[in-house]
Structure formats: structure tokens, C-alpha cells
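Visitor: Chains as they are written, first to last, in my numbering: chain B, 1 to 97; chain L, 1001 to 1313; chain V, 2001 to 2113.
Quick caveat, the hints were computed from the structure, so don't treat them as lab data. For glycine and all other residues, C-beta sits at the position ideal for the given N, C-alpha and C. You may find that some hints are simply not true.
What the hints assert, rightly or not - Under the rule of at most 25 Å between Cα atoms (straight-line distance), these lysine to aspartate or glutamate pairs were calculated in the DMTMM-like manner:
no.: 1; chain 1: V; residue 1: 2031; chain 2: V; residue 2: 2092
no.: 2; chain 1: L; residue 1: 1281; chain 2: L; residue 2: 1148
no.: 3; chain 1: V; residue 1: 2091; chain 2: V; residue 2: 2027
no.: 4; chain 1: V; residue 1: 2091; chain 2: L; residue 2: 1152
no.: 5; chain 1: L; residue 1: 1281; chain 2: L; residue 2: 1270
no.: 6; chain 1: B; residue 1: 67; chain 2: B; residue 2: 6
no.: 7; chain 1: V; residue 1: 2091; chain 2: L; residue 2: 1086
no.: 8; chain 1: V; residue 1: 2091; chain 2: L; residue 2: 1238
no.: 9; chain 1: V; residue 1: 2031; chain 2: L; residue 2: 1238
no.: 10; chain 1: V; residue 1: 2091; chain 2: L; residue 2: 1308
no.: 11; chain 1: L; residue 1: 1125; chain 2: L; residue 2: 1148
no.: 12; chain 1: B; residue 1: 42; chain 2: B; residue 2: 32
no.: 13; chain 1: L; residue 1: 1125; chain 2: L; residue 2: 1115
no.: 14; chain 1: L; residue 1: 1281; chain 2: L; residue 2: 1126
no.: 15; chain 1: V; residue 1: 2031; chain 2: L; residue 2: 1169
no.: 16; chain 1: L; residue 1: 1281; chain 2: L; residue 2: 1170
no.: 17; chain 1: L; residue 1: 1125; chain 2: L; residue 2: 1270
no.: 18; chain 1: V; residue 1: 2091; chain 2: L; residue 2: 1148
Said to hold, decoys possible - Simulated restraints, written as ranges between beta carbons of each label pair:
no.: 19; chain 1: B; residue 1: 38; chain 2: L; residue 2: 1076; range: 43 to 53 Å
no.: 20; chain 1: L; residue 1: 1166; chain 2: B; residue 2: 11; range: 51 to 61 Å
no.: 21; chain 1: L; residue 1: 1123; chain 2: B; residue 2: 10; range: 35 to 45 Å
no.: 22; chain 1: L; residue 1: 1243; chain 2: B; residue 2: 87; range: 33 to 43 Å
Each chain, written out:
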Amino acid sequence: MRLALDIITVVLVSAGGFFFMAGTIGLLRFPDTLTRLHALTKVDNLGLGLIVFGLLPQVESRLGALKLIVIWLLVQMSGAIVSQLIAQAVRRSGRQT
Amino acid sequence: MTLVFACEVVLAGLLVAIATWTIVARTAFAAIVLFMVYGLLLAIVWVALSAVDVALTEAAIGGGVTSMLLMGAATRLRAPTTPVADVGLPLRIAAGLLCALVTTVLGAVVFFLPDVAPTLAPVAKDNLAASGLGNPVAAVLFVFRALDTLLEKVVLLLALVGVWSLASDEAWGGVPGLPVYARPGRILVFLAQILPPIGIIVGIYMFWAGASQPGGAFQGGTILAAVWLLTMMARLQDVPAINARWLRLLLVVGPTAFLAIGLAGFFIADSFLAYPPGIAKPLIIVVEATLTLSIGVTLALLVAGPPERLSQR
Amino acid sequence: MSSAALFGYCGAVLVGLGLYGLITRAEVLRKILSFNVLGSGVFLLFGVFARRGAAAGLGADPVPQALVITGIVVAFSATALAVALLVRLNKETGQIIVTSDDSEESSEQGATR
Chain B
1 MRLALDIITV VLVSAGGFFF MAGTIGLLRF PDTLTRLHAL TKVDNLGLGL
51 IVFGLLPQVE SRLGALKLIV IWLLVQMSGA IVSQLIAQAV RRSGRQT
Chain L
1001 MTLVFACEVV LAGLLVAIAT WTIVARTAFA AIVLFMVYGL LLAIVWVALS
1051 AVDVALTEAA IGGGVTSMLL MGAATRLRAP TTPVADVGLP LRIAAGLLCA
1101 LVTTVLGAVV FFLPDVAPTL APVAKDNLAA SGLGNPVAAV LFVFRALDTL
1151 LEKVVLLLAL VGVWSLASDE AWGGVPGLPV YARPGRILVF LAQILPPIGI
1201 IVGIYMFWAG ASQPGGAFQG GTILAAVWLL TMMARLQDVP AINARWLRLL
1251 LVVGPTAFLA IGLAGFFIAD SFLAYPPGIA KPLIIVVEAT LTLSIGVTLA
1301 LLVAGPPERL SQR
Chain V
2001 MSSAALFGYC GAVLVGLGLY GLITRAEVLR KILSFNVLGS GVFLLFGVFA
2051 RRGAAAGLGA DPVPQALVIT GIVVAFSATA LAVALLVRLN KETGQIIVTS
2101 DDSEESSEQG ATR
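Start from the sequences, fold in the hints, and give me the full structure.
Guide: This is how it looks when you write it as C-alpha cells:
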């Protein structure tokens, strides 16, 4: 049982790490702001979500698991809103980078 | 070299790289964004050093409110009429040599530290039970070295008075010139409606849990200040005039309660800022609660800046 | 090398970097940023001393940690006052640097006239 939980953790956290890397490469290599924002949302939603779900089997108490999920939801919300704000600012200013 | 140590080497290298980039960045905006990243990386380093309370404080104040303050200033500064000339090459070389010397000396200090480090941890641990708290850092802040914390709170108020004194004579007593959105879009208003209730709960929880786990009044108070600033910037609340009575009351209730309990220590315990053994923890909770409120208001007003106009409209 | 020593060297480098930025950048806002980097390097050194003082079941010595928390708050107040001074200076004179003496200003005015 312990081994199965550890395997789940390793697989999910590695998958989350892969999405983090993909998002970072997108941030560095994409040509303009809007496409970079698109890459970063993968990091926030999928990457962090996979890492949180991968860490859930390792938590001792339900309160700790609840805290992890709340952290993920807060990061998702703030990431989505900040992306919208940046995109609005880009559209208003007319610049592309 | 273990895996954890390899990660710490990468973290330290990243920290130095980001700090270098902050110093040499070309625009002020880029430098401030990099400084924000630097503050958050530094918080991770503090966790690696087993100092979680410091990590929370660094993330909240260093990476959060300081960056907010600097960003507000960068947007308010007008570009200079004459272009700014950086210092010449000879001064750069001399400064570089001086800084290399300082770094080498400090590195040598770290290298030649004694093998057995002097520590006050056993003393703190022994006296922890008598104070009624479970978090040793909170015990040091509010019991063993409570005078430092009281004076620190007074320093915060002095800095606020200093910032206010930079107002022009006509604007004294008026509304601080916090940069607010002229017509905040629906998205920002949505964030400013959703986040503050969560922020208030997290801030109060952080102050309450600081008695036995990492946390405390400063960290919780900073979160309260941050969500208040968010509602003011999204124009959901007006920036208050600095001569509002409730504002001044909230500013002083923290240090006043702290000072009153400290003076009462003359009568009910041994000396100034001593707590009687039975009711130490309730007294400390009262001090921390009022201090959280005061710190929240003080930090928000420090970011808001000096008053610039007499009324809201 | 222990992890505490590694971060000690890191703190020493940050102090040097912050000092360099404080001396060589002309704009006041960049000087404030460098001052903050310098301060955080010093705090990191304190944290190293705290970590090395781990004993009695605690991960780190709590007294330097409390000093660092106090230091971070006081550094923020100093930064806030410095930023307020800079914004007021900019509003009055339109400058973002601090000129040192009158001879520089009069020679500048001489150049524009």
C-alpha cells in the first residue's frame, strides 16, 4: 500500500514537473505576450494540480490535504485573473511584446 | 553530494543570478519585477534553513508589500528631462574591488566559524513552557525580547509619521495618493471581491496559529494590509483621509496595548514587560491581536504614501 | 560544505552585489533596490548562524530568527520612507537622481544657456 502511494506520488509529481518545464520553455521561447500567457496557464492549472494531487497521498491529516487543494484553487484563480489583466493591458496599449 | 544539497546549490545559484540581474537590469520596471521574484526565491531559501516564520515574513513583506511599494513609486515617477548618466568606469572598478573585498571577508567569516556553534536554543526551549506558547520564535518575539518588538512597532509608526510629513501644507489631513485604477475593469473588481474574505481568514488564522506553529502577528497583519490595499486599488473602498479618527485609533491600539501590558508588569509581575505565570498566554494573545490590526493598517498606509488631496472627489 | 555554509557564501555574495549596486547606480530607485538586496544578504548571514545553532530538538536557533523578522519589518519602513522622499523629490524637481553640489547644477545650467 505504501509502495503504491509512493509510486502514484512520483508519477504525478514528475508529470507536474514536465508541465512546469513546458510552460517555462514557452515563456522563454514564444514570440509575444499573449502566447506566453497561454503557455503559463498550463503551468498554473495542470502543472500545479498534478503536483498537488501527487502530494495528497503523502499528507497525514485531512486538514493538510484541504490546505493543499485550497492553495491550488487560489493559485488558479489569481493566475487566471492576472492573465486577463495583462492581456487587457496589452490590447489597450497596442504593443505586441 | 546528496540530492537535497544539489537542489540547494541550484537554489543558491539561482538566487545570486536573479540578484545580479536585478542590479544590472536596464529599466526600473524590470528591476522591480525581478526583485519580486528574488523575494519569493529567498523565502524558499529560508525554508531550506529551517526558519519558516522568517520565510513567511520575507514572502509577505519582502516579496509582497515592498514590491508593491516600489512598483507604485516607479509608475508615479516622471521621466527626467536630462538623461541619467551612470557612474564612470574608474568608480565602477573601484566599487567592484571594494565589494569583492567585502564578499571575501564575509566568506572568510563563514569559513572560519567554530565547529560547535554557540546557541540559545536550549535556553529558549527550557523557558518555552513557562510562557505558554508552542512556537519558540513567537516566544522570543513577545516574551524573551518583547522590548525589541515594542520598539519595532514604534519604529513603524515613526516611519508612517515621516511619510505623512512629506505632504504639502494644503493636503495635510487629506487622502493619500495611492495609485488607484480610474475605471477598474470587471476582472479586477471580481478579484477584489473574492480575495479579501479569503485573505482575512488566512490573515487571522496565521496570527492565531502563530502561537504554536510558524506564523504570527506580523505575517497575518501583512496579509490583512495586502487585501485592504487590493480593495482600495479596485475602488471598492475609498482611501481614508489620514485624520479619520477610526484610522488613528487602529494605528495606535497595538503599541498602546503592548505598552500598557508592559507597564502593568511592574505591578502584577516582576518588571517591565514581564508576564505573571498563570495568565501569560491570554495576555500575549491580546497583545498579538491588537498588534495584527495595527500592523495591517500601518503597512497599508506606508504603501499608500503621503496625503495628496483634501477629499475623495 | 554543509548547506548552512553554502547559504552563508551566498549571503556574502549578495552583500557584495547589493553594495556594488548601491554605489554605482545613479537612480535613487535602483539604489533602494540594491539596499534591499544588501539587507537581505545580511539577514541571510543571520539565518546561517541560526541554522548552525540547531539544538534541543529545534531546527534552528530562534533568537537570530526573531532578530531577522524585526530587521525585515524595519527595512521595509526605511524603504517606505525612502520611496516617499523620492516621489516628493521627483514631484518638486523632476529629477530621479540626487545631485551632489551646486557647482554641478550651475555648470549644467551654463550648458543649456
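Visitor: Taking the hints in turn, state whether each one holds.
Guide: Now for the hints, and whether the structure bears them out:
In summary, the hint linking residue 2031 of chain V to residue 2092 of chain V is supported, as the alpha carbons are separated by about 20 Å, within the 25 Å threshold. Pair hint residue 1281 of chain L plus residue 1148 of chain L holds up; C-alpha atoms about 19 Å apart against a cutoff of 25 Å. Distance hint between residue 2091 of chain V and residue 2027 of chain V is fulfilled; the C-alpha atoms sit about 15 Å from each other, no more than 25 Å. As the CA atoms of residue 2091 of chain V and residue 1152 of chain L are separated by approximately 30 Å, the hinted pair breaks the 25 Å bound.
Among the hinted pairs, residue 1281 of chain L with residue 1270 of chain L is consistent with the structure: their alpha-carbon atoms are about 17 Å apart, no more than 25 Å. At roughly 20 Å between alpha-carbon atoms, residue 67 of chain B and residue 6 of chain B fall within 25 Å of each other, so this suggested pair holds. For the hint pairing residue 2091 of chain V with residue 1086 of chain L, the CA-to-CA distance comes to about 22 Å; that is within 25 Å, so the pair holds. With a C-alpha separation of about 24 Å, the suggested pair residue 2091 of chain V and residue 1238 of chain L falls inside the 25 Å cut-off, and the hint holds.
Between residue 2031 of chain V and residue 1238 of chain L, the direct Cα distance comes to roughly 32 Å. Violation of the 25 Å bound is thereby established for this hinted pair. The hinted pair formed by residue 2091 of chain V and residue 1308 of chain L meets the criterion: a straight-line CA distance of about 11 Å does not exceed 25 Å. The hinted pair formed by residue 1125 of chain L and residue 1148 of chain L meets the criterion: a straight-line CA distance of about 20 Å does not exceed 25 Å. The suggested pairing of residue 42 of chain B with residue 32 of chain B holds, with an alpha-carbon distance near 17 Å, which does not exceed 25 Å.
Simply put, residue 1125 of chain L and residue 1115 of chain L have alpha-carbon atoms about 22 Å apart, close enough for the 25 Å limit, and the pair holds. Simply put, residue 1281 of chain L and residue 1126 of chain L have alpha-carbon atoms about 16 Å apart, close enough for the 25 Å limit, and the pair holds. Of the supplied pair hints, the one linking residue 2031 of chain V and residue 1169 of chain L is violated, its CA atoms being roughly 29 Å apart against a limit of 25 Å. Using a Cα cut-off of 25 Å, the hinted pair residue 1281 of chain L and residue 1170 of chain L is violated, with the two alpha carbons roughly 47 Å apart.
For the given pair, residue 1125 of chain L sits about 21 Å from residue 1270 of chain L by alpha-carbon distance, which is consistent with the 25 Å threshold. Our distance criterion of 25 Å between C-alpha atoms is broken by residue 2091 of chain V and residue 1148 of chain L, whose separation comes to about 36 Å. A C-beta distance of roughly 32 Å is found between residue 38 of chain B and residue 1076 of chain L, which places it outside the suggested range of 43 to 53 Å. For the pair residue 1166 of chain L and residue 11 of chain B, the beta carbons lie near 57 Å from each other, so the given range of 51 to 61 Å is met.
As the Cβ distance of residue 1123 of chain L to residue 10 of chain B is approximately 42 Å, the hint placing it in 35 to 45 Å holds. The supplied range of 33 to 43 Å is met by residue 1243 of chain L and residue 87 of chain B, whose beta-carbon atoms lie about 41 Å from each other.
Consistency with the previously given hints fails for numbers 4, 9, 15, 16, 18, 19, ordered from lowest to highest.
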